[in-house]
Every structure is written in C-alpha cells, then in structure tokens.
Amino acid sequence: MTMKTLELNLGLVTPVQHAPGWYWDANTQQAVYFDANTQKFYTLQSGMFVPLAQNWHAAPKQVTLAPGDKLQVTLGFQYIGPAVTGVNAHYSINRSALIGGEMVSKDQAFNIPANLTANPVEVTNSYTFTIPANVETNWIDIYVVVSGGTPSIPGQEYGYSNALIIVAQAPTITGFAIKDFAKV
Amino acid sequence: MLNLVFAPMALAQQSFPVESRIRVTVVFTYTAGVSTAITLMAGPYYTNILGSHVIDACVGSANVSLPAATTPTDKTASVDFTLVPKAQGGMDDGTYGLKVWVDGTNIEASQDNVIVVSGNPAAAAPTDIFSSMLPMLMMFMMMAMIMPMMQGSQE
Chain A
1 MTMKTLELNL GLVTPVQHAP GWYWDANTQQ AVYFDANTQK FYTLQSGMFV PLAQNWHAAP
61 KQVTLAPGDK LQVTLGFQYI GPAVTGVNAH YSINRSALIG GEMVSKDQAF NIPANLTANP
121 VEVTNSYTFT IPANVETNWI DIYVVVSGGT PSIPGQEYGY SNALIIVAQA PTITGFAIKD
181 FAKV
Chain B
1 MLNLVFAPMA LAQQSFPVES RIRVTVVFTY TAGVSTAITL MAGPYYTNIL GSHVIDACVG
61 SANVSLPAAT TPTDKTASVD FTLVPKAQGG MDDGTYGLKV WVDGTNIEAS QDNVIVVSGN
121 PAAAAPTDIF SSMLPMLMMF MMMAMIMPMM QGSQE
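Heads up: the protein sequence lines correspond to chains A and B, in order.
Residues in the first sequence are numbered consecutively from 1, following this note's numbering.
Residues in the second sequence are numbered consecutively from 1, following this note's numbering.
Warning: the hint list may mix true and false statements.
What the hints assert, rightly or not - In silico PhoX-like pairs for lysine-lysine, Cα to Cα no more than 20 Å straight-line:
1. K183(A) to K86(B)
2. K183(A) to K99(B)
3. K99(B) to K179(A)
4. K179(A) to K75(B)
5. K70(A) to K4(A)
6. K4(A) to K106(A)
7. K70(A) to K106(A)
As the list claims (entries may be wrong) - Simulated coverage check for chain A against chain B, where a stretch passes if three residues somewhere in it have a Cβ under 8 Å from a Cβ of chain B:
8. 120 to 130
9. 147 to 159
Honestly, the hints are just simulated from the structure, not real lab data.
What you are looking at is a predicted structure, and each value in this text was computed from that prediction instead of being measured.
Quick reminder that beta carbons are idealized off the backbone N, C-alpha and C, glycines included.
Go ahead and model the full structure; you've got the sequences and the hints to work with.
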C-alpha cells in the first residue's frame, strides 16, 4: 500500500483571546457573537445561535486512495506568541456534503514553541490515517481543527472538499460492452 | 434532402443450431480497492409487448477475477452459455437478442436480434399444438357431459 499526503494551511494563529460579545465580520458583512466557552463565533438566525460555517476550500489536488492506503495529513500555520502546550489537533475524513459526516477522526496533542519576535514562524503537525476496509466512495473531504492548549489558542478550522478519490472495495465498472460471440 | 446514415450494428447476426455452446467476450474498464471477483452472466432473450425476457434455461455464468487496481484498468472476459432446445425447457427456433450482465449489479450490455436458432426437433411441434388446444378440448368434454343432463331435466 502507498502513502499519500495532503497539506492544509491554517493561516496566522495567535493566542490572543477574544472577549465574549458581538463583533462585525467585514468579510461576510454580518454581526457575529464570540462565545468564550466554546471559543467559537456564532451568528444569530431566527433566535438561534448557529456556529459559523466550517472553513471549507476547494482542494488544491486530489489524492486517490484504496483500503489499506495511508494518508498523511499535515496542517501548518504561522505563529507569533508564547509557547503553548497541549494544543489539540483534530483530523477527520468526512463524507461529502453531509452535516456531521465525520467518518474517521483523530485528536492529537502537540506543543507550539515560543516565538516572541515580530516575524511569524511556521508550525506544522501531521497525522497519518490508514484507510479502513469499509471506506466508501463519498468519503472525499478532509477537515482539521486546532484549538485549546495552555495558554489556549482560538479554534482554527480548515477543510478541503473533494480532496480524495476513493477506490472502494467493491469494483467500479464502466464501458461494459459485448465485444464478440461465437460457437465453441 | 433527407440524408440518412445507418450505423452498422455493433454485433453481426449469426446463426447457430440448437444445443450449440456460445462464448461471449466482453470488455470493460474497472477500478477495485482490493482484489475481488465478479460473476458474469449471459444468455439469449426474446422481446414481446411485456418487455424482454431472458431464457433462464440457457443462461451461463463465469467467475472473473479482478486484481486490485486504483487506476482505471481495461479487462477482457468471457462467459459461455448453451442454446437449450425447447423440448428441454429452452428456446424455439427463431431470432433472439444477446444479453450479458454482472450478477448482483445493474451493469449489463445487450443487443437485439443477433442470434438465429434453428434445428429444434420436429417432434416437439405436435406436443405444443396439443398443449395449446388442451383447454378447449376440456371445455368441449365438459359441455358434452352437461348437455344431456340439461336435456333430461327439461323433459
């Protein structure tokens, strides 16, 4: 079986804490609420607080995988701030277009070294999935979240849609045609 | 001006004597996460107002191995079936279609009117005529029994 890789860039992460309360999101032109307990932003829709949509992106490449293959997912971000211990990296492979479609996942703790300069340094972390035998052809999205630690960093999430091409156990047949027939 | 272009049939019509064994060759492209096998099925079919009907007595099958392939891979495979005579529950003389499919899936290929079958034993014909007339004969026999009883009751 082969090892395939995917890299996800979470952008700039700093341990600066948001105060709980309302903020204005200039990108989406809407008011958002930051909850200190969950460390997430929410929008208010019909009287309900709805978490902001996950940060999905079109995958820069597609990786073909079969049961037993290994997929190494590497996240990376630019960091300025003190050392952080016990940051949680949550990795998952998701079903396409399904809410709560996490099919396999892994939480992995890692540490961020201090960077007290004005220049961000890149921090990376990786996890390697082994594609299970029961994988289905709609397991095509990759999703990561980093959050928590001491001091805590705000949750950063990032996903690639259509990142995987799954070759499932059941064969996929195309172009089926009769070529010839004859008496034997 | 009417400009018609007739495309040739993918398969040419062929004639076979009944009881012939026919080998069908199919081609397809596949991917499979693990090495596996499929069952190819093949047989003749006829068509009427109710649709097409495979003649079960003639259907043949073959297991085909598919080695694991993560990239689309071309495959050629074959499956045999027999033109079973009508007297053995098979087919009449006539023209039939050919159908091949992968068991347990909706993957299939077929073409109408490519198999012409002849040579069914002539002895089978009277049997067929008798069986088709049997209901009518039974009705006449019942009438023959009932009519004297009805005439007797009128007297």
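Hint check results:
1. K183(A) to K86(B): 19 Å, holds
2. K183(A) to K99(B): Distance of about 16 Å is within 20 Å: holds.
3. K99(B) to K179(A): 12 Å, holds
4. K179(A) to K75(B): 11 Å, holds
5. K70(A) to K4(A): 6 Å, holds
6. K4(A) to K106(A): 17 Å, holds
7. K70(A) to K106(A): 14 Å, holds
8. 120 to 130: With 0 residues closer than 8 Å to chain B, the stretch 120 to 130 of chain A misses the three-residue bar; violated.
9. 147 to 159: With 0 residues in contact (Cβ-Cβ under 8 Å with chain B), the coverage given for the stretch 147 to 159 of chain A is violated.
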